[in-house]
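Throw the hints in and build the complete structure from the sequences for me.
Number 85 in the numbering used here belongs to position 84 of the sequence shown; there are no gaps in the numbering.
One or more hints might be untrue.
To be verified - With beta-carbon atoms standing in for the labels, derived distance ranges:
| id | residue 1 | residue 2 | range |
| --- | --- | --- | --- |
| 1 | Lys23 | Ala52 | 12 to 20 Å |
| 2 | Lys23 | Gln167 | 43 to 51 Å |
| 3 | Ile134 | Tyr61 | 34 to 42 Å |
Hints listed in this document are in silico derivations from the structure and should not be mistaken for laboratory results.
Glycine included, each C-beta is placed from N, C-alpha and C at the ideal position.
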Amino acid sequence: MQPQFDTTTYNAHVAIGAGQNKVLRNTYMLLGLSMVPTVAGALIGISMNFAFMAQHPIMYSLGAFAVMMGIFFAIQANRDSSLGVVLLLVLTGFMGLMLGPILQVALHLRNGGQIVGLAAGGTGAIFLALAAIASTGKRDFSFLGKFLMVGIILLILASLANMFFQIPALALTLSAGAVLLFSGFILFDVNRIVNGGETNYVMATLAIYLDIYNLFVNLLQLLMALMGERD
Numbered sequence: 002m003q004p005q006f007d008t009t010t011y012n013a014h015v016a017i018g019a020g021q022n023k024v025l026r027n028t029y030m031l032l033g034l035s036m037v038p039t040v041a042g043a044l045i046g047i048s049m050n051f052a053f054m055a056q057h058p059i060m061y062s063l064g065a066f067a068v069m070m071g072i073f074f075a076i077q078a079n080r081d082s083s084l085g086v087v088l089l090l091v092l093t094g095f096m097g098l099m100l101g102p103i104l105q106v107a108l109h110l111r112n113g114g115q116i117v118g119l120a121a122g123g124t125g126a127i128f129l130a131l132a133a134i135a136s137t138g139k140r141d142f143s144f145l146g147k148f149l150m151v152g153i154i155l156l157i158l159a160s161l162a163n164m165f166f167q168i169p170a171l172a173l174t175l176s177a178g179a180v181l182l183f184s185g186f187i188l189f190d191v192n193r194i195v196n197g198g199e200t201n202y203v204m205a206t207l208a209i210y211l212d213i214y215n216l217f218v219n220l221l222q223l224l225m226a227l228m229g230e231r232d
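What follows is the structure, given as structure tokens:
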């Protein structure tokens with residue numbers, strides 16, 4: 002007796018796979034586009050005066066966080082429309098602007114340009130390697146979700162504590178931990194798209210963008226501490 006081939010099930014699997022590939026493809030395209038306002042915002046931020054931030058770091062951080070959360074909710078509410086894409090690009094421009102203070106510090110180092118380039122290149126290399134691992138084969142990294150959420154909560158609490166205590170060794174440890182944490186988030190978020198856990202490319206782009214952004218910032222802080230040459 003010849004085994005029967007279920008064409009309905011096969012076609013359903015093909016359709017699901019095609020849909021997941023489309024989401025991933027659109028995510029990468031929008032992710033690439035989001036880097037344009039990020040770079041533009043960073044260039045503007047380098048030339049800005051952040052004296053208020055230096056005088057009132059907590060108020061500045063709370064204000065920036067409030068703006069980001071407002072845009073996050075707006076993107077969530079408009080995730081299925083073109084307005085969601087526009088809001089995402091507005092957010093990435095704002096995030097680029099927020100890179101201004103750390104880039105100013107980095108570029109005042111004698112080898113600051115080299116460090117920024119190394120951080121950017123390292124971030125790109127880590128993302129490409131982890132995205133390739135997460136999107137090939139039948140690997141499932143969903144088990145990382147709980148560990149990553151606990152990690153991000155601990156990181157936030159420790160970072161808030163260090164805003165008051167200002168312990169250099171703790172800051173260095175937090176940056177190293179954050180590099181590992183957001184590398185894990187890249188694996189988790191890309192794999193979630195591949196496995197159909199995220200079907201909206203705007204929200205998928207937002208998640209991966211934040212992973213890359215935080216990876217870059219913390220890698221830059223780590224390199225500045227380890228390699229920075231001050232006059």
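Evaluation of the provided hints:
no., hint, verdict
1, Lys23 to Ala52: 12 to 20 Å, "violated, 47 Å"
2, Lys23 to Gln167: 43 to 51 Å, "holds, 48 Å"
3, Ile134 to Tyr61: 34 to 42 Å, "holds, 37 Å"
In summary, the structure is inconsistent with hint 1 from the numbered list given earlier, while agreeing with all the others.
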